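Q: Spelled out from the first residue to the last, the chains are:
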Amino acid sequence: MNAGGAPSEARASLSLPERRPTAGTIVRGGVIAVLLAFVLAGLPPLLSVYWLDVLTAVAIYSVVALGLNLLVGRVGLVSLGQIAILALGAWVAARLDFATSLPFPIVLLATGVITAVLGVIVGLPALRVSGLYLALITLMLAGAITIVLNSTNFPNGGGGFLGHTESSFGSGGIRRPSIAVSDQAYYRYAVVLAALMFVLALLHVRSKPGRAWAAIRQSEPAALAAGVNVTLYKLWAFALAAFITGIAGGILGGSSGKLFVTQFTTQGSIILLAVVLMGGVFSLWGALAAGVLLQLLPALLNDWGAPPDLLTVIFGVGVLQVLVTAPEGLVVQVPRDLATLGRFLLRLGRRAASLLGGAQ
Amino acid sequence: MTFRRALTATALAAALVAAAVVTGAGSAPAAGPVGSGTASATKSVCGLGNGKKATGSPIKIGAIATKQAGTDFTDIPNMANAYFKCVNANGGIYGHKIQYSIQTEQTDPAQIAALAKKLVGSGVVAIVGNTSLIECSVDHKYWEKLGYYVIDSGIAPECYSTSHSAAVNMGPRYSSDGAAQYVISQKVDKIVFDQSNVPGAGYNSGGVELIAKANKIPEQSLTDDVPIQDANSVALKLVQAAGKNGGVVLNFTPDQAALILQAAQKQNLENSVKAWACSTPCNSDFLAQSLGSAWNGKLGVNAELNLPSASGPDSALYRQIIAAYKPSLAFGLGSFSQMGFVEARVAVAALLSLPKGSKYTVKTVNTAIVNVKNYKTDVLCKPWYYGKAPLHIPNNTDRTVTPNNGKMVVKQNCFAISAQDPAIAKVRLIEKKQGK
Amino acid sequence: MPSFEDFKPFFVTGLSLGGVYALSGTGIVVLYRATGVLNLAFGAVGAMGALISWALINHTSANQYVAYAVCILFGGIVTLAYGIIFGPPLAGRDPLVKAVGTLGLALILLGFMSWFWPPKSRSMFLPTSNSGYQIGIVHVTWTQIIGLVAAVVVTIGTGAFLRFTRLGTAMRALADDREIAATLGVPVRRVEAVAWLGSGLLAGTAGLLLSDLVALDAVTLTFLVISSLAAALIARLQSLVVTLFAGIVIGLVDALITPILSISTYRDMTPFVLATIGLLWISRRRVVSVGRAGT
Numbered sequence: 001m002n003a004g005g006a007p008s009e010a011r012a013s014l015s016l017p018e019r020r021p022t023a024g025t026i027v028r029g030g031v032i033a034v035l036l037a038f039v040l041a042g043l044p045p046l047l048s049v050y051w052l053d054v055l056t057a058v059a060i061y062s063v064v065a066l067g068l069n070l071l072v073g074r075v076g077l078v079s080l081g082q083i084a085i086l087a088l089g090a091w092v093a094a095r096l097d098f099a100t101s102l103p104f105p106i107v108l109l110a111t112g113v114i115t116a117v118l119g120v121i122v123g124l125p126a127l128r129v130s131g132l133y134l135a136l137i138t139l140m141l142a143g144a145i146t147i148v149l150n151s152t153n154f155p156n157g158g159g160g161f162l163g164h165t166e167s168s169f170g171s172g173g174i175r176r177p178s179i180a181v182s183d184q185a186y187y188r189y190a191v192v193l194a195a196l197m198f199v200l201a202l203l204h205v206r207s208k209p210g211r212a213w214a215a216i217r218q219s220e221p222a223a224l225a226a227g228v229n230v231t232l233y234k235l236w237a238f239a240l241a242a243f244i245t246g247i248a249g250g251i252l253g254g255s256s257g258k259l260f261v262t263q264f265t266t267q268g269s270i271i272l273l274a275v276v277l278m279g280g281v282f283s284l285w286g287a288l289a290a291g292v293l294l295q296l297l298p299a300l301l302n303d304w305g306a307p308p309d310l311l312t313v314i315f316g317v318g319v320l321q322v323l324v325t326a327p328e329g330l331v332v333q334v335p336r337d338l339a340t341l342g343r344f345l346l347r348l349g350r351r352a353a354s355l356l357g358g359a360q
Numbered sequence: 001m002t003f004r005r006a007l008t009a010t011a012l013a014a015a016l017v018a019a020a021v022v023t024g025a026g027s028a029p030a031a032g033p034v035g036s037g038t039a040s041a042t043k044s045v046c047g048l049g050n051g052k053k054a055t056g057s058p059i060k061i062g063a064i065a066t067k068q069a070g071t072d073f074t075d076i077p078n079m080a081n082a083y084f085k086c087v088n089a090n091g092g093i094y095g096h097k098i099q100y101s102i103q104t105e106q107t108d109p110a111q112i113a114a115l116a117k118k119l120v121g122s123g124v125v126a127i128v129g130n131t132s133l134i135e136c137s138v139d140h141k142y143w144e145k146l147g148y149y150v151i152d153s154g155i156a157p158e159c160y161s162t163s164h165s166a167a168v169n170m171g172p173r174y175s176s177d178g179a180a181q182y183v184i185s186q187k188v189d190k191i192v193f194d195q196s197n198v199p200g201a202g203y204n205s206g207g208v209e210l211i212a213k214a215n216k217i218p219e220q221s222l223t224d225d226v227p228i229q230d231a232n233s234v235a236l237k238l239v240q241a242a243g244k245n246g247g248v249v250l251n252f253t254p255d256q257a258a259l260i261l262q263a264a265q266k267q268n269l270e271n272s273v274k275a276w277a278c279s280t281p282c283n284s285d286f287l288a289q290s291l292g293s294a295w296n297g298k299l300g301v302n303a304e305l306n307l308p309s310a311s312g313p314d315s316a317l318y319r320q321i322i323a324a325y326k327p328s329l330a331f332g333l334g335s336f337s338q339m340g341f342v343e344a345r346v347a348v349a350a351l352l353s354l355p356k357g358s359k360y361t362v363k364t365v366n367t368a369i370v371n372v373k374n375y376k377t378d379v380l381c382k383p384w385y386y387g388k389a390p391l392h393i394p395n396n397t398d399r400t401v402t403p404n405n406g407k408m409v410v411k412q413n414c415f416a417i418s419a420q421d422p423a424i425a426k427v428r429l430i431e432k433k434q435g436k
Numbered sequence: 001m002p003s004f005e006d007f008k009p010f011f012v013t014g015l016s017l018g019g020v021y022a023l024s025g026t027g028i029v030v031l032y033r034a035t036g037v038l039n040l041a042f043g044a045v046g047a048m049g050a051l052i053s054w055a056l057i058n059h060t061s062a063n064q065y066v067a068y069a070v071c072i073l074f075g076g077i078v079t080l081a082y083g084i085i086f087g088p089p090l091a092g093r094d095p096l097v098k099a100v101g102t103l104g105l106a107l108i109l110l111g112f113m114s115w116f117w118p119p120k121s122r123s124m125f126l127p128t129s130n131s132g133y134q135i136g137i138v139h140v141t142w143t144q145i146i147g148l149v150a151a152v153v154v155t156i157g158t159g160a161f162l163r164f165t166r167l168g169t170a171m172r173a174l175a176d177d178r179e180i181a182a183t184l185g186v187p188v189r190r191v192e193a194v195a196w197l198g199s200g201l202l203a204g205t206a207g208l209l210l211s212d213l214v215a216l217d218a219v220t221l222t223f224l225v226i227s228s229l230a231a232a233l234i235a236r237l238q239s240l241v242v243t244l245f246a247g248i249v250i251g252l253v254d255a256l257i258t259p260i261l262s263i264s265t266y267r268d269m270t271p272f273v274l275a276t277i278g279l280l281w282i283s284r285r286r287v288v289s290v291g292r293a294g295t
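Residue numbers (my numbering), protein chains in the order written: chain A, 1 to 360; chain B, 1 to 436; chain C, 1 to 295.
Bound-form chain A, shown alone (with noise of 0.2 Å):
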């Protein structure tokens, strides 16, 4: 970084030198790739359907999960909104797949650029307002988008606009891909998906806008003064998390092949903050702990025969938990008190020993 010199100089050079990957980089890297291709491979044949459908929710959900992980954790704000995203993301995806006949991946793109698009137009007026103020409008925002979306429903086939028609039922549901259209095929695909978008969100960090959002999260005004463009880098971070959200909602469809204002609540926004604060905020794994939280713990608790509302008052507990004692959240968390609990056993392992080589 430049320090002094002329003032056009000031700018604050957010380009490092490049560096070679090191051993625990490749590592890491390797065990990352073998866990995917036994996600991908090795676990169809084990689990049923059921728990496969569950396991490509967790994929969607992860992504959504990535989209708030995002601004909550690198740049420090707080959306109350991204359900009301998710949304409408699902809701463009459905509408572009019953209006046109295009391929599956073309009708996800789409999405998650016209997502991004309504993503930044919601982020403008953000950009005046942050912290509390933040989460409250976004809040607010959400709400006022579920009730139009109350009332003018999602596509099913029907024409117009809205392309929602009550006149007709038993109509075709969402296409999926052609190339994945039974369950254990949506779910290969659902997972590949989740992964790119997490590589899309790794990259953002290790790059310049991750740098540019580690300065702003800093302290803003310190970040404006050393030059960054701090208004683009908060709509890119809002297009960015848009963008994988929308995504998301176009995966979403195509899981159920219909798509219910009731599944997109404003509690649901809620419980998401709860679940990512949880997972964790520092790291992108952190998103991925958050899908499983969403959606696979309610799968086993139901298993178990355990009512639904016992959920609500665990995230309920875990937020507190997080925010109190361990704001780097459960993905941190976790392995550090296995760590503890396996040095815990190992003490308790060695004066054993040492008791019963006394006793001889």
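Simulated from the structure, these hints should not be mistaken for lab results. Since the structure is predicted, the reported quantities are computational estimates derived from the model, not experimental observations. Any given hint could be a false lead.
Stated by the list, open to error - Below, simulated BS3-like cross-link-like pairs (lysine-lysine); rule was C-alpha separation at most 25 Å, straight line: (1) B:Lys326 - C:Lys120; (2) C:Lys120 - B:Lys298; (3) C:Lys120 - B:Lys407; (4) C:Lys8 - B:Lys244; (5) B:Lys43 - B:Lys326; (6) B:Lys43 - B:Lys53; (7) B:Lys97 - B:Lys117; (8) B:Lys363 - B:Lys145; (9) B:Lys363 - B:Lys97; (10) C:Lys8 - B:Lys274; (11) B:Lys274 - B:Lys244; (12) B:Lys326 - B:Lys52; (13) B:Lys363 - B:Lys388; (14) B:Lys97 - B:Lys359; (15) B:Lys433 - B:Lys388; (16) C:Lys8 - B:Lys190.
Chains B and C: place on chain A using the hints.
A: Then chains B and C, alone, in the frame of chain A:
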């Protein structure tokens, strides 16, 4: 450090305790000779009624019901479960016990689709007792593909317009039709129809609009978002729109309908229109109790099922089972649990119609179900049936009840839902063809 | 388009609804002014108190006034407990973090309420609902009047309390900067406790009134907070008087839209739209932020 450990430990302990308490809260049947004996014109029994515990290989049946904050339909499968338990205590299905699996969902289509696959994967041979805001819409193609003829309590339009679903109730559209017919019988000069703004609202109001048009009465269809935060304004709006000689027809869940009616009462508006009517969800003694005596005889509620206090043998058995098996019923005695009871009885009758020693597979069981014909019960106005047809609305005749000092009493006896609703006309044609 | 005559009764219901929003809104802003915490669990606490009250009245032989007292006390105790346990650890953090903490409390209460009291048709009839005034074709119950009056009393009373008493000044100092207030000799924990208790009692009272005025339903009352937040947002979480007026205006607009049948179904958007417009207008010249940078 200690605070953190304490917090985590407390959280964990609380969660475990809560889970234990909740999963342990089942129902131990105080099984006695309930449902035993010989079936006759004056007595109904559970299944074979022989008092012998069924121990044979299980016949698996499944159900999907909505259960989330604000909406809970589990009364219906819970009651069906109680009936199945009674049947299992009375010889089962020729010795086989019925194993019933209830899956609850939170209006997430992907979750609902997955639960259907879970049930099928676990080996259920029949789907009985589905009650969900959107399940018929999400799953009907799946059931059609696999050949399951679902017996349900329908809410979504697809429950009444597809080939593999037959409901014991009438659903919001046709129940609203019945309520509109009541209001027309009170000689109103305008009809205002208000309902909750949920998916399918356009479909629900369609019937009322057609019936009003056929009777040359101006009609207006309105919606309100739920939960209602300002019931006073809603009640005022409806009264204003209907006018002095108009009629107001409501289609809401019982708690929301109660809010509107109570707000109307608080403002002394119950006499400001000629007639008030409500679709079936209002048919509960709970509602009658929460409305004061000011509403006696003033509210016409379309009743898809007979009063829970009715005197027929099926109704008596229904009450006995509740008393003996104590199923978890949030709404107690009322149309929800009655629906569950009827659905379970129809399913058992279908299973018993297969000769003893049959194999109970998806194909055999569902063939028996679709062949159900002329099933008589005093809980319904007309005999119930399934049959192969592009759509099913087997319950298309009902009563009007009205609150009277905290209880619902019959105001109009069984009448047919108007064929001015084209779907009903279609169904009547099908009935004639299939000789019902 | 309805005539003026048709609109008249909705002015009255609008004032009543405005009272509802103003009561919740001022309750939230009062808490914020006194503790620096935006208590998003305001509605949930009140709802649970009201449900406990209902259970006492309908399932035990308890006297109804005792039940009402229990509701108000419950609000006070739960909020106080939350404040004592979670206030200090979160005290130095961003207001957003503190608000999210109360979201956690709201979720816990909501989950418990949904489990323990499954959705059913429950009603709360306060004795003040049995009588009232007739204004035109609208009948206004005493409860509605009390709701509006309570909002005004809270605004004036708490405003004066915070401004003119020592304890009130100490609370404001605490909300502004806890560390400095402590070094200045303010008995931080005690003042905080009083603030939390007071706001909890307010939440309980509001819950009791709202369970009669709106509905006795956990989800409805918990999320009513979101609509009331609109009024608080327009006041930038600062001015109680602006919150009061904003709440009443939102209620009026909301109700007046009702008879316009073509857009009546969108009336629930009113708080959100007005809050967004209000916030954009306020922030048109400057950046509006709360609290210090960083968590």
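Q: Against this structure, judge whether each hint is valid.
A: A quick look at each hint next to the structure:
1. B:Lys326 - C:Lys120: Within the cut-off at roughly 18 Å; holds.
2. C:Lys120 - B:Lys298: Holds, because 23 Å separates the two Cα atoms, which is no more than 25 Å.
3. C:Lys120 - B:Lys407: 17 Å, holds
4. C:Lys8 - B:Lys244: 18 Å, holds
5. B:Lys43 - B:Lys326: Holds: Lys43 of chain B and Lys326 of chain B sit about 21 Å apart, inside 25 Å.
6. B:Lys43 - B:Lys53: 21 Å, holds
7. B:Lys97 - B:Lys117: Holds. Lys97 of chain B to Lys117 of chain B sits at ~23 Å (cutoff 25 Å).
8. B:Lys363 - B:Lys145: 12 Å, holds
9. B:Lys363 - B:Lys97: Roughly 19 Å between the alpha carbons, so the hint for Lys363 of chain B and Lys97 of chain B holds.
10. C:Lys8 - B:Lys274: Cα-Cα ~22 Å, so holds.
11. B:Lys274 - B:Lys244: Holds. Lys274 of chain B to Lys244 of chain B sits at ~6 Å (cutoff 25 Å).
12. B:Lys326 - B:Lys52: 20 Å, holds
13. B:Lys363 - B:Lys388: 14 Å, holds
14. B:Lys97 - B:Lys359: 14 Å, holds
15. B:Lys433 - B:Lys388: 11 Å, holds
16. C:Lys8 - B:Lys190: 23 Å, holds
Hint check: no violations occur; every hint is consistent with the structure.
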